[in-house]
Structure formats: C-alpha cells, structure tokens
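In this note's numbering, the protein residues as written are 7 to 182.
Where hints are given, some of them may not hold.
[Claimed, not checked] In silico lysine-lysine, DSS-like type, Cα no more than 27 Å apart, as pairs:
{"no.": "1", "residue 1": "LYS88", "residue 2": "LYS151"}
{"no.": "2", "residue 1": "LYS88", "residue 2": "LYS46"}
{"no.": "3", "residue 1": "LYS96", "residue 2": "LYS46"}
{"no.": "4", "residue 1": "LYS46", "residue 2": "LYS33"}
Just so you know, the hints here were simulated from the structure itself, not pulled from any lab data.
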Amino acid sequence: MTNQLTLTWTEAGVHQTRTIQDGQPSKNPGSVRLGRDRAKCDLVFSHSSVSGLHIEIFFNQELQEYAVRNLRDSNPPLVDGKILASGEAKLTSGSRIHLGQVEIEVVEVTEMQVAAPLTVLLSAPPVQISSPATGPCTYGLQCPKCTRISPYAQLSAGCPWCGTSLAAAVSVVLSP
C-alpha cells in the first residue's frame with residue numbers, strides 16, 4: 007500500500023497542485039516540509055507571510071492517516087479554521103491549511119495498491135540425486151537491469167554488478 011495526499015493552492019496568480027506520497031524522498035526523511043527556505047523545504051512558497059520553515063506533512067503509520075505539524079511558534083498555521091500552535095492535526099480530503107496568506111487545500115487522500123514483486127521459480131536441468139535434499143530452500147534476488155542473481159543480504163545495498171536498486175527485484179529460488 008502506498009498512501010498519497012494531493013494539495014492545491016494559488017500563489018502569485020498561479021494555480022499549483024502537488025502530490026505527496028508516504029515514504030517519498032525528501033529533505034527531512036519521513037515528512038515533506040513547506041515554507042520559503044529552499045534549503046530546508048520540499049514545497050517552497052514565495053509569499054512573505056510564509057515562514058522559512060513553516061510546517062511539515064507526514065503519514066502517521068500508527069494511526070494510518072496524514073497529519074500536519076507546526077514548525078514555527080511565532081507564525082502558526084491555521085488548519086481547518088483552528089490555530090495549530092503545537093502538536094499535530096489530522097488531514098483529510100477537504101482540509102484547508104493557511105500558511106500566512108497562502109491557502110492550501112487537501113484535494114484528495116488516497117491509498118494505492120502497489121503490486122508486490124513476483125516470485126519466479128527457475129528450473130535447473132534434472133540432476134541425479136542419491137538421497138533427498140534436506141534443509142530449507144535458498145532464495146535470491148534477480149536484478150531487474152542485468153538479471154544476475156544476488157543474495158537477499160544485498161537488498162538494501164543494490165546489485166553488486168550494476169548498482170541497480172533491488173527493491174523491485176524478482177525473488178528466485180536457488181538450487182542447493
């Protein structure tokens with residue numbers, strides 16, 4: 007499952023729409039930060055009433071919902087008509103966030119089904135076995151780019167031959 011939140015706003019006469027996905031790369035892993043400071047924020051606004059680092063939006067895994075957190079005590083956001091001085095506020099479709107004079111609307115909150123990689127069984131040529139094999143099967147990951155097989159320990163490091171991420175690799179059963 008991938009969760010996503012779509013925001014829309016108008017700034018300087020230009021209508022903007024952005025979609026945030028749970029776990030997307032960002033300047034502060036686990037959240038998407040909004041404000042004027044390009045070095046610290048993922049969504050940057052130019053209006054002077056928006057703080058340099060104003061709020062962050064994140065997916066709360068425990069509650070399975072999107073939330074917003076204030077990052078600026080002296081310029082708190084308004085969320086659904088209420089000042090968010092501290093803590094967090096739940097975001098749903100139709101929620102409105104005011105950062106200074108910029109109004110952001112949550113257009114949609116969705117859950118997307120992500121297909122799991124398939125497990126492919128590779129067959130080996132028939133081999134004469136004098137006694138039945140004992141012990142568990144061994145699995146590997148087939149690189150989606152170079153098709154070489156890597157051990158599961160390489161999952162977070164990537165393919166040792168071409169460097170491709172193994173996050174979308176196909177699981178394969180290796181012969182003993």
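A quick look at each hint next to the structure:
Only pairs whose Cα atoms come within 27 Å are accepted, and LYS88 paired with LYS151 is rejected, the gap being roughly 50 Å. About 25 Å separates the Cα atoms of LYS88 and LYS46, which keeps this hinted pair within 27 Å; it holds. For the given pair, LYS96 sits about 23 Å from LYS46 by alpha-carbon distance, which is consistent with the 27 Å threshold. A C-alpha spacing of about 6 Å is found between LYS46 and LYS33, which places the hinted pair at or below 27 Å, so the restraint holds.
Consistency note: the structure conflicts with earlier hint 1 alone.
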